[in-house]
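Chains A and B supply the protein sequences, listed in that same order. Its first residue numbered 1, the first sequence is counted upward by one per residue in my numbering. Its first residue numbered 1001, the second sequence is counted upward by one per residue in my numbering.
You can take every hint at face value.
If we take Cβ atoms under 8 Å as the criterion, some of the chain A residues that face chain B in the derived model are:
no.: 1; residue: Pro64
no.: 2; residue: Gly74
no.: 3; residue: Ile162
By construction, these hints were calculated from the structure, which means they are not laboratory data. Quick reminder that beta carbons are idealized off the backbone N, C-alpha and C, glycines included.
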Amino acid sequence: MDRHINLPLTDTDARSLRAGDYVYLTGVLYTARDAAHKRMYEALDAGQELPVDLNGQVVYYLGPTPARPGHVIGSAGPTTSSRMDKYAPRLLDLGLKGMVGKGKRTQEVIDAVVRNGAVYFAAVGGAGALLSKCIKEAEVVAYDDLGTEAIRRLRVENLPVIVVIDSEGTNLYATAADQWKK
Amino acid sequence: MRNVDVSLVTAAIREMCIEVNHKLSPDMAGKLAEAKEREESPLGRQILGQLIENMDIAQKEMIPICQDTGMAVVFIEVGQDVHFEGGNIEDAVNEGVRRGYTEGYLRKSVVRDPLERVNTGDNTPAVIHYSIVPGENVKITLAPKGFGSENMSRLFMLKPAQGIEGVKEAVLTAVADAGPNACPPMVVGVGIGGTFEKCALMAKKALTRNVNERSKIPYVAELETELLDKINCLGLGPGGLGGRMTAVNVAVETYPTHIAGLPVAVNICCHVNRHIVREI
Chain A
1 MDRHINLPLT DTDARSLRAG DYVYLTGVLY TARDAAHKRM YEALDAGQEL
51 PVDLNGQVVY YLGPTPARPG HVIGSAGPTT SSRMDKYAPR LLDLGLKGMV
101 GKGKRTQEVI DAVVRNGAVY FAAVGGAGAL LSKCIKEAEV VAYDDLGTEA
151 IRRLRVENLP VIVVIDSEGT NLYATAADQW KK
Chain B
1001 MRNVDVSLVT AAIREMCIEV NHKLSPDMAG KLAEAKEREE SPLGRQILGQ
1051 LIENMDIAQK EMIPICQDTG MAVVFIEVGQ DVHFEGGNIE DAVNEGVRRG
1101 YTEGYLRKSV VRDPLERVNT GDNTPAVIHY SIVPGENVKI TLAPKGFGSE
1151 NMSRLFMLKP AQGIEGVKEA VLTAVADAGP NACPPMVVGV GIGGTFEKCA
1201 LMAKKALTRN VNERSKIPYV AELETELLDK INCLGLGPGG LGGRMTAVNV
1251 AVETYPTHIA GLPVAVNICC HVNRHIVREI
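Bound-form chain B, shown alone (with noise of 0.2 Å):
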């Protein structure tokens, strides 16, 4: 058993929401600027050189990538052995969002009831996700989520017999729908499967995969490089102003489900996909 202070938790979220919304990961950094060698279009090419000289200005000044700093997705992996001392965890993680977007000029984004709509003010409280794993070690993955793309996500409970047809067309559709919204080039984060909630989950954390990575099964690699081929035909491009970069990548996350069921989420997200992790 390990004994595991959640100031340290605090302490770690707060960097993480700084340092995530004024430096995209390096994956995503080499994603853009093969974008930009990619892209066909010359109003294309000029947004997208402005997306790369956005990010050298955001590091170099601090001023974050994006006005829309997020609503603070965090997901913590627990070692089933870490015993937390000195607070709740719960508690920890907001306080860390809250000096994070406080004492880091972050916009603060939240508010406190859905349709009464007064801001908290400090851009708590979080979107907690949490896992218990075997170990003594806490891993935090956070991605700070914008909502001009996130209100473009899709779910879709499809029928079994409509297949992976079924599915590729439901990934078309919610990506052509959300158009220029979305600020492509976008990250399309797919669920495939489980349960409807279950599958929102997983389109939201292949979101924090590193762009690079193509899924560890086969068939499902294949639909990830397919899928991503095809919308990149859609023609919206950068900034939905027309080109090929419509996406830079699509990742895919499945799970068992339902005799009766096909769920499919596509949660999709912005160029400026913010992931980052910690280990404690």
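Next up, chain A with everything else stripped away, as it sits in the complex (with noise of 0.2 Å):
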């Protein structure tokens, strides 16, 4: 089922979706992959506050290629997110709402989407072109020295995801597959 989803995802609308819906999301959400969540994991462990409030947002797993001049962002598709499995349950546990990258994810992160009733999307691989077009502005809110992992803020419109893990746990690609296998 085609949806348009606003940013941040409210409660009902991260439970009302389900694995194998097509998803349009606009508004707020915030880049982070392995070294921007390392880093968070290590602030929390020294009991630090996140340089961001992730209660009730999206992280999505991506490292844009530098901005052209007059351009918002450069190429801006997902990378892999099972780097992030290891951080993603406490960051889940904390609030975190949604997760937008690309790949499996372990079974320890799959239990945390359904105890928080949160979302895993999985945006198109190589798509970084395309998808930069949905994004309409672009800042970075941490770590930037980090350079392209550092923590941005991005407003996207109709951003264009797939539900692959939803809050009941069903998930998409242990059971896509199956469909085509010959």
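Make the complex out of the two chains shown on their own, each in a separate frame, by following the hints.
Okay, structure coming up:
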């Protein structure tokens, strides 16, 4: 089913999404990938606040190419989510509502998605030029020294994603291939 | 003997870095269009349509096809009658990568040390493979490699008794395990034989082949076709979200090996299979 969903994601919207839904996201989300996750994790271990309040927010696993002059951002597709699996359950337990990436997640992440009524979306990997057109504003808000891996606040319009793991724990990757297997 | 100023190498590599990250080679672009025609899953067709539209935008608006503009892998075939002058060849290659990635607004994805992990800031150094060949030309192949698919690549040290069936199982295992992480539809490069490092290098080089070409060795060409068919029966499909088009090509390279061994390397590349060649 095609859905248009506003960000930040409400509890009701998050719980209403089903694996396989094709969703257009509009609103604000944050980028973070390997290095930013590691640093956030270390901050939490040290008893510090996160540089961005992720409660109720969606994180996009993205490290863009540099913006050309006059552009908001460069190429901006998803990176492989599994590298963030170590960090994701803790962030979900702190209120993170959604993740946009690509590729498989561990059972620990799936359990945390269910426990928190969250959702895992996949964007199309390798479509960074197309996806960049949906990004209307981009601003580095933390860890500037990490370059492409800094945390950015993005305002997106109709960012196309697919629900892969929903709040009931249904995992599209686990079922989709069976339908087409010969 | 022919003198070649290394600044020519720098200039060529700078241009190649920019071109290859914005424009797929015609063979790959053709394969994606063909995949869209052949895909049976509606969602798969939709994703392939997005990938084709993405390529148009990338080329017209000079936005890289993928944000992972890769680590620069450079194959340099140097004619044995060439004499490089004007500097160190390795520095010249890295300078080309530095200029290409900086001036071309490409992502800097390289860290100085694998454990300390501080970004080098200019995507250097490249991974460079030299070979000496007859003649007085310099042939440069640049293949920036993204790590979504690189991370899903595998090396198997099989026993000779496992034979061709063992090879097939190894390739299918690697592809099935890679699944959605490697951004299917993929290109699968396979190296069979040689030593531990030789088979990995063959698998990498296989990815730079024209995807419409089959091996010149008849049984290897048959193996490529059979593996592609079997991979496309796995059901992973575009984006790993179900469908027929899991891979658009399998390229196999072979080399003599030891009486005790059967090394098999599987280097997986996503659909953004970038390769470009220049001769100097």
